[in-house]
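Letter by letter, the chains look like this.
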Amino acid sequence: MLFLETNTIQFFGRFHALIVHLPIGFIIIAVLFEGLAWKKKIDLKAAISYAFLVGGFAAVLAVVLGLMLANDGGYNETALGLHKWTAIAMTVLTFLLYGVNRKKNTQIWAKKSYPVLMGLVVVLLSVAGHYGGNLTHGSTYLFEHAPRPLQALAGIAPKRERVTNIETALVFEDAISFIFEKKCNVCHNSDKAKGDLLLTDKASILNGGSGGAVVVAGAAKKSELYKRVTLDKTHKKFMPTEGRTPLTKEETFLLEWWIDSGLSFDKKIKDLKPSEKVIAYLQSIGIGVKTTFIDALKLAKVNEEDVDAIRALRFQVNTISNSSEVMELSYSPYNKEPLTADKMEALLKLKTHITWLNLSNLPLNTTIFSKIGTFENLTELRLSHTKMTDQALKPLTKLKHLEYLNVYGNPITDAGIEYLQQMKNLKKLYVWKTELTKAGIEKLKAALPQLDVISGLD
Amino acid sequence: MDLFNEARKRKLEYVTRRHFLKKCSTGLGGIALASLIGPQNVFAGQRHLEQPDLGGLHLPHHLPKAKRVIYLHMAGAPSQLELFDYKPELQKLDGLDCPQSLLEGKRFAFIQGTPKMLGPQVNFGRYGQAGTYVSDLLPNFRTIVDDVAIIKSMHTDEFNHAPAQLLVQTGSPRTGRPSMGAWVTYGLGSENENLPGYMVLVSGGKNPSAGKNAWGSGFLPSEYQGVQCRNSGDPILYVSNPNGMSRDIRKKSLKAINAINEAQYKEFNDDETMSRISQYEMAFKMQVSVPDIMDVSKEPEYIREMYGAKQGEASFANNCLLARRLVEQGVRFVQLYDWGWDMHGTNKASSLDVGLHRKCRQIDKPMTALIQDLKQRGLLDDTLVVWGGEFGRTPMRENRGGFEMPFHGRDHHTEAYTIWMAGAGVKGGITHGETDQIGFYGIKDRVHVHDLQATILNQLGINHEKFTYNFQGRNFRLTDVHGHVIKDILS
Numbered sequence: 000m001l002f003l004e005t006n007t008i009q010f011f012g013r014f015h016a017l018i019v020h021l022p023i024g025f026i027i028i029a030v031l032f033e034g035l036a037w038k039k040k041i042d043l044k045a046a047i048s049y050a051f052l053v054g055g056f057a058a059v060l061a062v063v064l065g066l067m068l069a070n071d072g073g074y075n076e077t078a079l080g081l082h083k084w085t086a087i088a089m090t091v092l093t094f095l096l097y098g099v100n101r102k103k104n105t106q107i108w109a110k111k112s113y114p115v116l117m118g119l120v121v122v123l124l125s126v127a128g129h130y131g132g133n134l135t136h137g138s139t140y141l142f143e144h145a146p147r148p149l150q151a152l153a154g155i156a157p158k159r160e161r162v163t164n165i166e167t168a169l170v171f172e173d174a175i176s177f178i179f180e181k182k183c184n185v186c187h188n189s190d191k192a193k194g195d196l197l198l199t200d201k202a203s204i205l206n207g208g209s210g211g212a213v214v215v216a217g218a219a220k221k222s223e224l225y226k227r228v229t230l231d232k233t234h235k236k237f238m239p240t241e242g243r244t245p246l247t248k249e250e251t252f253l254l255e256w257w258i259d260s261g262l263s264f265d266k267k268i269k270d271l272k273p274s275e276k277v278i279a280y281l282q283s284i285g286i287g288v289k290t291t292f293i294d295a296l297k298l299a300k301v302n303e304e305d306v307d308a309i310r311a312l313r314f315q316v317n318t319i320s321n322s323s324e325v326m327e328l329s330y331s332p333y334n335k336e337p338l339t340a341d342k343m344e345a346l347l348k349l350k351t352h353i354t355w356l357n358l359s360n361l362p363l364n365t366t367i368f369s370k371i372g373t374f375e376n377l378t379e380l381r382l383s384h385t386k387m388t389d390q391a392l393k394p395l396t397k398l399k400h401l402e403y404l405n406v407y408g409n410p411i412t413d414a415g416i417e418y419l420q421q422m423k424n425l426k427k428l429y430v431w432k433t434e435l436t437k438a439g440i441e442k443l444k445a446a447l448p449q450l451d452v453i454s455g456l457d
Numbered sequence: 000m001d002l003f004n005e006a007r008k009r010k011l012e013y014v015t016r017r018h019f020l021k022k023c024s025t026g027l028g029g030i031a032l033a034s035l036i037g038p039q040n041v042f043a044g045q046r047h048l049e050q051p052d053l054g055g056l057h058l059p060h061h062l063p064k065a066k067r068v069i070y071l072h073m074a075g076a077p078s079q080l081e082l083f084d085y086k087p088e089l090q091k092l093d094g095l096d097c098p099q100s101l102l103e104g105k106r107f108a109f110i111q112g113t114p115k116m117l118g119p120q121v122n123f124g125r126y127g128q129a130g131t132y133v134s135d136l137l138p139n140f141r142t143i144v145d146d147v148a149i150i151k152s153m154h155t156d157e158f159n160h161a162p163a164q165l166l167v168q169t170g171s172p173r174t175g176r177p178s179m180g181a182w183v184t185y186g187l188g189s190e191n192e193n194l195p196g197y198m199v200l201v202s203g204g205k206n207p208s209a210g211k212n213a214w215g216s217g218f219l220p221s222e223y224q225g226v227q228c229r230n231s232g233d234p235i236l237y238v239s240n241p242n243g244m245s246r247d248i249r250k251k252s253l254k255a256i257n258a259i260n261e262a263q264y265k266e267f268n269d270d271e272t273m274s275r276i277s278q279y280e281m282a283f284k285m286q287v288s289v290p291d292i293m294d295v296s297k298e299p300e301y302i303r304e305m306y307g308a309k310q311g312e313a314s315f316a317n318n319c320l321l322a323r324r325l326v327e328q329g330v331r332f333v334q335l336y337d338w339g340w341d342m343h344g345t346n347k348a349s350s351l352d353v354g355l356h357r358k359c360r361q362i363d364k365p366m367t368a369l370i371q372d373l374k375q376r377g378l379l380d381d382t383l384v385v386w387g388g389e390f391g392r393t394p395m396r397e398n399r400g401g402f403e404m405p406f407h408g409r410d411h412h413t414e415a416y417t418i419w420m421a422g423a424g425v426k427g428g429i430t431h432g433e434t435d436q437i438g439f440y441g442i443k444d445r446v447h448v449h450d451l452q453a454t455i456l457n458q459l460g461i462n463h464e465k466f467t468y469n470f471q472g473r474n475f476r477l478t479d480v481h482g483h484v485i486k487d488i489l490s
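For the record, the sequence lines run as chains A and B.
For the first sequence, position 239 (counting from the first letter as 1) is numbered 238 according to numbering that gives the first Met the number 0, and the numbering increases by one without interruption.
For the second sequence, position 312 (counting from the first letter as 1) is numbered 311 according to numbering that gives the first Met the number 0, and the numbering increases by one without interruption.
What the hints contain is simulated information worked out from the structure, not anything from laboratory work.
Any given hint might turn out to be false.
Claimed, not checked - Below, simulated BS3-like cross-link-like pairs (lysine-lysine); rule was C-alpha separation at most 27 angstroms, straight line:
no.: 1; chain 1: B; residue 1: K91; chain 2: A; residue 2: K276
no.: 2; chain 1: B; residue 1: K486; chain 2: A; residue 2: K272
no.: 3; chain 1: B; residue 1: K91; chain 2: B; residue 2: K105
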């Protein structure tokens, strides 16, 4: 009573996907051999005959298993019907073909009908196979990544380009539908609506499944759809089932937000006044992702020899992350040799790559400061305790992308504000233990409202 | 096979015939290749120490927000109910029997029978722009609530100190795994070649119950273990040369020892020999750098006053100041342990009435100063500060042996406790997670210890799921098979 508590029919039915490839292979090889025999004038009669016979038996097995699988329901009736009847017809014809093949040397009618019959079997095989694929993967699967002209030929309407700008993106089409497409629609599509549920468009979602409505506008916690994806992963009713990738925390949260905010299908995200959390979570599905200057920077690959040469001068230099060529560079004040302008000269080979520079606690001179001004892609610059004067700020105004500047512990006065206020992109400025006055800092803040000036406690 | 024998076996395997043959093929190929590339690149630089071979993968995985970490571990586990998690409802239940439903299936370290509920023993106020609740025991800390993210829904698996500390620090409640600092320095190396990448400071008194395993290197090469500094005398034992030994002679003798070790390494191929060489070299550099950096008298008076640090004292205040000095010099991971937070109520020193007040006075000023000082120097932007214990404390009063205790105390509690984080891309002025009305369970956005570890690695630019080390036939991670980055607290 091994199968008493399990669905025996489904257990065997699932083997359909495995067995189904056998008849395809056998029949195709028989046809190939036939072509080969004709072209090369060799005798493959026995092989062809056996291949058709075995192909026929394999087809019978596949059909039986297929009928068991279909028993579960949830498939598009039209597609399933086509698949089933072409496959059965092909099976019958394959046995016929086997019989005709044996008679074709003795009977003239057999010789004449043989090629026609073979062609018919191949056509039926292709049709049955194609619809079988559609049932498993969905009808759009095959041409999903086809070149556009080919898609047009296959009668597929051009897909709407997904909008990822948070200002213009639509809540359903660009966010929620994207999640369904990624996690749910493998099973809930127009060819294979498991549980009679489709999640492809407004009508189908509101229509619900065999168990009734799946979404209740304004009440995610009462919506079957939301409940099923938030169950314990080991629960029998948890979705997505069959070990498919579950929805992430962010995705379930967005789903909750969408249902709770009234189940909108045509509004823009912006119109729903998303909270900070929603905006943050939307980034995880690619909407409103902010690309920083560093992310957008396209740089040539760093020459390892240049890096080694710079390391030999006792600089510490490293790529900031594995995924980019952007580098950080520093020079330790513990080094016995002082930092000279000549050494700085050697860095110029990497000047576009270096975005984070730290020369703190080193006595620097005017030449070095002017060299720093040539590192055009710098975003973070640390120059605390470097004996920096107001004039030394001047070359730094050339750094158009500078966001972070730390010059604490330097004799900078209000005269330096003239230069600081030219740094339009600056977001953080550290000026503790400088000679900047309160009034000076106020003036700077007025010129650069986005700037956060940290001048020590109180 | 236990860890120790496994490690030994691996070492011995270097001299099997299979390894010899394997080495011949790769070795000869390597030599041929080396001669093509040119001699200077064969053992380029100190690659062994600086950048471990992570299977061709270079860290960090993504753009890091943090370059360094200061972890303030309050060993013994402070009471969240007296410091951050204000529960006025619990006050109403004070003195009533704890309902059985809360006790069923739970294990406590000391509570027996039916304990009584215990309301908050201190007053709270609301501070900062978000009106965050902070205990009156932390008068300085209130001024920096806008810089920190408080996580109230922490939970852990272990209810005893040593395993719980190990779980926080190594990702496993049993010994043998590398600590967080070891993982981080193994992955990212040190920013300063004159100092160890991972330093440990204990504020006098007792070491944490997990012992040195809490900062061990586990199965990672031993050069990545934390270097513990002493509070008095030489910061590290024997860091200064004995009388009659000049720095030159020391240098020469180390050179000779290293040459012998290198010969040894060539023969047996034991990674620990390389670790030994780099440790000798590091120790030589540390003879100069460490006495200098560990000297708080180098700080101006007003900075020492800000932390409450006193020259020559073994205190959390001194350690906070040292932590800042260390990260300033690019030490990757600074681990502080404070002790004596285990307020069971068995005596005055371990009571919520007296002991907790004293402990809070010891940490409030220094930890506040640490955040402020890092901030004014611009270090808080890339230094992650984490404060927390290994678990929380019960909303029930401890009744060891089933009797009323002489002082107010709380037992160990795994289901809910509070930590805070600051700096390096962590949002300031927010509270993450919520506990129920009596602070027993986290009810919203629960954060497991592994989630915290995943988040710390994430801020350092490391994907905790990809950062692995192969040992005992499988890949190990700090977070084992768990952990989700707490994205809600990150900006």
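To see whether the hints hold, each was checked on the structure:
1. Taking the CA atoms of K91(B) and K276(A), the gap is about 34 angstroms. The hint is violated against a cut of 27 angstroms.
2. For the proposed pair K486(B) and K272(A), the alpha carbon gap of about 21 angstroms is at most 27 angstroms, so the pair holds.
3. Under the criterion of a C-alpha separation no larger than 27 angstroms, the hint pairing K91(B) with K105(B) is consistent with the structure, at around 24 angstroms.
Hint check: a violation occurs at hint 1 only; the rest are consistent with the structure.
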